[in-house]
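Trainee: Numbering-wise, UniProt numbering puts 69 at position 69 of the sequence shown, and it's gapless, one number per residue.
Please note that a few of the clues may not be correct.
[Claimed, not checked] Here are the simulated lysine-lysine pairs, BS3-like style, with alpha carbons at most 30 Å apart:
id, residue 1, residue 2
1, K118, K75
2, K91, K118
3, K75, K91
Calculated directly from the structure, the hints in this document are not laboratory data.
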Amino acid sequence: MNMSLAANNQEPRRRVLIAEDDEITCELFTNLLNGLDGVEIVLVGDGREALMQALTQHFDLIVTDQNLPELTGDKLIRHLRASRNINSATKIMLMSASTFDELEGQGVRVPRDCYMAKPIQPAAFIDAVMPFLV
Numbered sequence: 001m002n003m004s005l006a007a008n009n010q011e012p013r014r015r016v017l018i019a020e021d022d023e024i025t026c027e028l029f030t031n032l033l034n035g036l037d038g039v040e041i042v043l044v045g046d047g048r049e050a051l052m053q054a055l056t057q058h059f060d061l062i063v064t065d066q067n068l069p070e071l072t073g074d075k076l077i078r079h080l081r082a083s084r085n086i087n088s089a090t091k092i093m094l095m096s097a098s099t100f101d102e103l104e105g106q107g108v109r110v111p112r113d114c115y116m117a118k119p120i121q122p123a124a125f126i127d128a129v130m131p132f133l134v
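Could you build the full structure based on these sequences and the hints that come with them?
Mentor: Right under this line is the structure:
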């Protein structure tokens, strides 16, 4: 799954990479972000594809699930932060069905700009991403 959508058919001002393997969650993100003017959404279904996209295209925000196939969200973030690339300083939101404390208990140390527990609450998601898209 690799899809690019521009909200409201306008020239995009902000680009968001969403790395999520659950189609229902992808549909939720698409519906929520399509309501914002000037946002282009790039959807990918696994961590390796997210890394390839992030190494070759600039994004204003990266939203990643922790439990992705091929490359987990924390490893994706570490790769991006450890190397010089066009998204090494891009804001990243990590999502997981596990709580932040549970992730830390599993040894997941994630340099992240925002953490959100699943299931995602639409209003909380929009509130969390808006500061990165203005």
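Trainee: In ascending order, which of the hints set out earlier in this document are inconsistent with the structure?
Mentor: none
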